[in-house]
Each structure stands twice: as C-alpha cells, then as structure tokens.
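Colleague: Sequence:
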Amino acid sequence: MIPVSIDRQGAVAVITVKNPPVNALSQLVRRGILQCICIADDDRDCGAIVIACEGRTFIAGADIKEFGQTPLEPYLPDVISRIETCQKPVVAALHGTALGGGLEIALGCHYRIADSAAAVGLPEVHLGLLPGASGTQRLPRLVGPQIAMDMMLSGKPVKAPEALEIRLIDRIADGDLLSESIAFAEECMDRGPRRIRDMDVPNVEASVFEVTRKKIERRTRGLMSPGKIVDAVEISTKTGFDEGCAIERELFLECMASTQSSGLRHVFFAEREVTKVPGVEKDTPRRPIDKVGVIGAGTMGAGIAYACLASGAEVVLLDNDDHGLARGEKNIRGLYAGGIQRGKISEAGMKAGLRRFKTSQDYGDLTDMDLVIEAVFESMAIKKEVFVALDKAVKPGAILATNTSTLSIDEIAASTGRPQDVIGLHFFSPAHVMRLLEIIRGRETAIDVIATSLALAKRLNKIGVVVGNCFGFVGNRMLH
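In my numbering, the protein residues as written are 1 to 480.
One or more of the hints may lead you astray.
Cut-off 25 angstroms, straight-line C-alpha distance, at most; resulting in silico cross-link-like pairs (PhoX-like, lysine-lysine) [stated by the list, open to error]:
1. Lys214 with Lys344
2. Lys159 with Lys276
3. Lys65 with Lys282
4. Lys458 with Lys65
5. Lys344 with Lys156
6. Lys18 with Lys214
7. Lys384 with Lys330
Keep in mind that the hints were calculated from the coordinates and are not lab data.
All chains should be modelled from the sequences, with the hints used to inform the complete structure.
Modeller: What follows is the structure, given as structure tokens:
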C-alpha cells in the first residue's frame with residue numbers, strides 16, 4: 001500500500017498519510033509527502049493544501065523501526081523545508097497525537113487546525129534527544145522561548161485548547177475535521193503562506209536560560225539532552241533561522257551518539273517488548289474494570305487505591321479495623337492534597353475522585369467489584385483466609401488479585417473455586433509512584449485475565465511485566 005495519497009477537493013489538494021497504526025514518518029511516508037507537496041505546488045488549479053492522516057492519529061513521530069539505522073533520503077528536515085517553502089498555503093489537520101516529527105511537520109505547515117481532542121508535543125527528551133528537524137527553532141518563534149522550553153523539557157503533550165491559547169494552533173474544529181480543514185484552507189488562499197522561519201523570536205530576558213539550566217540540573221541529574229534543548233532554544237534568540245537549524249542538528253547528533261540516549265532508547269524498546277506476551281494476542285478480549293476493591297488500608301493499600309482512583313475507577317477500600325480505615329483514608333486525602341500542591345491535579349479532580357471512593361469493613365460491599373486487589377500482611381494463612389471470603393462474596397467473572405511479593409499464586413488460587421480468575425499484581429512502594437507492576441500468572445490463570453491486567457497497568461500509567469510464579473518473582477529475586 002502506498003502510504004501517502006493526494007486528492008483534490010475543489011481548489012484544495014488534500015494530502016493523506018495512511019501508515020497505520022500511528023502514521024509514523026517512515027522513509028516511504030517522507031518520500032510520499034515530499035512528492036505530493038511538489039505535485040500540489042505545481043498544480044495551477046490548486047490554491048491551497050491540507051495535510052491530514054487516516055486512522056486514529058496524525059503523525060505520531062518517527063518510525064521506531066528506523067532507530068539506530070543510517071538515515072535514508074529524503075531527510076525529515078528537507079521534507080519540512082519543502083512544505084514551508086511551498087507557494088500555496090499549507091494547513092495541517094491534526095487529530096489524535098502529533099508528536100515529535102509529527103509536530104515538526106505541522107510547524108513546517110503555514111497554518112494548523114485540530115480537533116478538540118487532539119494533543120501535540122515534542123517528547124524527544126525521554127529518549128535522551130532534542131527535536132532534530134527544526135523544532136527547537138520554529139517552536140520558540142511561534143509560542144515564545146519559555147513555553148517552547150517547557151514543552152520540550154517536560155516532553156508532555158499539550159491538549160488542543162491550551163495549544164490554541166498559546167497560538168501553537170490556529171483553530172479548533174467543531175465538526176468534521178477534514179471538512180473544516182478544507183474550508184480553513186480556502187480561507188487561507190487570500191492570506192497566502194505564513195512561514196514560521198520568517199517570524200522573530202519573542203523577546204525574553206537572557207537570565208531565563210540560566211535559571212532554566214539551574215532548575216534542570218537539579219531535576220535531571222546529569223542528563224545531557226535537557227541542557228542541549230536549552231542551548232538550542234537560546235540559539236534561536238541569537239542567530240538566524242538557518243544557522244540555528246545547523247546548530248540544532250549538531251546538538252541532535254551529539255545526543256544521538258551518546259550512551260545516555262542509547263540507554264534510554266533501549267528502555268523505550270524494552271518497555272514495549274514486555275507487553276508482547278506469548279499466548280496473549282492483541283485482540284484478546286479484556287474484562288471491564290470500572291469498580292475496584294482494595295483489601296488492606298495500610299500504606300500499600302492506600303497507594304493502590306489512590307492509583308485506581310486516579311485512573312477513573314470507583315474504589316472500595318476494605319479493612320477489618322476502624323483505625324486502619326481512617327488512616328488509609330487520611331493517606332489518600334493526603335496524596336490528593338500533595339497532587340494539588342504540585343499542580344498535578346485540580347481541586348475539582350480531587351473532589352471527583354473522592355466521590356468515587358468509600359471505605360468498608362463488610363465483604364458484602366465488594367460483591368459488585370470487577371477487580372479486587374488484596375494487600376494484607378505477607379502471610380499465606382491470612383491471604384488464604386481473605387481469598388476464601390472473596391470467593392464467597394464477589395460476583396463470578398471478577399478478577400481476584402494478590403499483591404504478594406513472594407508467595408505462591410497457585411497456592412492462593414487453590415483456596416478459591418475459581419483459580420482461572422486469580423492473578424498476582426505486585427505493586428512496588430510507593431504504589432502510586434513506582435511504575436513497575438509485576439503481573440504473576442498462575443498455572444490456571446485465564447488468558448483474558450492476563451490481557452486485562454496488562455491493560456490495567458497501562459491505564460495506571462505503569463509498565464506491566466508478566467512473570468512466572470516462583471519465590472520472589474523477578475523484582476525481589478534481583479533485589480535480594
């Protein structure tokens with residue numbers, strides 16, 4: 001299948017990228033965009049161009065299959081430069097996530113429109129890199145150096161309403177994105193191209209860069225790429241566009257050759273590889289997880305409950321002790337308060353979460369749960385007692401999980417009449433922070449329970465790793 005096509009809608013040429021699942025910028029995609037831009041630019045009956053994508057997202061970045069390989073022409077900076085020098089206005093139609101090279105493509109376009117759910121970002125810092133296709137030079141010209149640095153240093157995507165507010169996009173589509181993009185392109189015919197490279201970088205105090213460097217030195221503990229990002233943005237305020245892009249390229253290649261970036265890219269691939277579990281196919285049905293019970297209101301139980309609340313689930317925290325429940329609820333409220341203080345959550349978000357939360361001492365309140373996670377004292381006898389009670393109280397088809405760090409899942413499962421529904425979900429402390437989640441499959445654990453647990457890990461923003469049932473599993477065997 002040819003991954004890029006061109007079609008005319010009246011006077012507007014629509015260039016469509018079709019490279020599922022995320023429309024990555026493979027060599028064929030780069031070549032296709034370049035060819036289609038040239039065709040549209042040479043078409044006398046074409047007055048404007050829209051670049052759009054099929055599927056669930058706009059271009060979500062580089063093709064990870066090409067990581068570590070010798071780059072092949074056409075190079076991304078050259079493709080973006082050709083888009084920008086087009087004599088006809090080019091509109092990027094953004095949906096899903098426009099990340100990395102995808103956002104750099106959009107910045108090479110003259111105008112940007114997005115649907116209301118779209119998000120844009122430059123996450124290269126997570127791979128020990130900086131944007132390498134003029135992102136560090138174009139973004140400061142559009143949104144200002146401070147916002148540009150904040151976006152690149154955090155690597156976090158910006159949602160469409162905020163992107164509109166900071167002028168990163170020009171418009172949010174209320175209806176059908178493609179129809180509104182074509183209408184917007186027709187409007188832009190009279191305006192002509194608006195090239196970011198020709199814009200001046202907004203004035204900023206020189207001290208901003210030194211202050212930012214000091215902040216990231218404390219926060220990033222010697223990582224190279226954050227400092228290089230600041231260097232590149234500072235360069236944008238001091239030199240012309242072409243010189244800035246040349247320096248950006250040097251900094252990018254320096255980071256790419258570093259052991260830091262090599263290690264972070266290894267982690268990137270490893271985190272994705274662990275989701276590929278033999279026997280668990282991508283289309284394996286997942287059980288719905290809307291209601292979660294947590295047994296044990298200690299530090300671990302409260303952390304698990306908070307993580308589940310943050311994912312949008314209803315949570316019942318159960319303990320056999322009034323004082324324990326009060327302490328657990330206090331811990332959860334404290335975690336919310338800390339999140340508000342750090343700007344991670346709003347007051348409204350806290351109130352919404354607490355409305356989905358209740359405490360109980362009655363197993364009958366767990367009847368309706370889709371998932372119950374046991375987080376009691378590390379004693380086989382106590383855990384068996386809990387699972388016997390769960391087997392009686394909780395509806396058929398619910399997943400029964402233990403947070404044990406060492407004990408046999410099979411022995412725990414044998415205390416129930418439904419071992420196929422039993423699995424280990426070993427959170428590491430503090431449970432709401434640590435990203436590793438060991439998923440321990442028992443001898444009889446159902447495949448859809450494993451698939452659901454992997455999906456839950458992703459929903460909790462954790463890396464789910466499926467491991468075998470042995471003493472200490474993997475994490476604790478390594479630690480001890």
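Colleague: Taking the hints in turn, state whether each one holds.
Modeller: Outcome of the hint check:
no.	hint	result
1	Lys214 with Lys344	22 angstroms, holds
2	Lys159 with Lys276	30 angstroms, violated
3	Lys65 with Lys282	19 angstroms, holds
4	Lys458 with Lys65	22 angstroms, holds
5	Lys344 with Lys156	13 angstroms, holds
6	Lys18 with Lys214	43 angstroms, violated
7	Lys384 with Lys330	28 angstroms, violated
The structure shown violates the earlier hints numbered 2, 6, 7.
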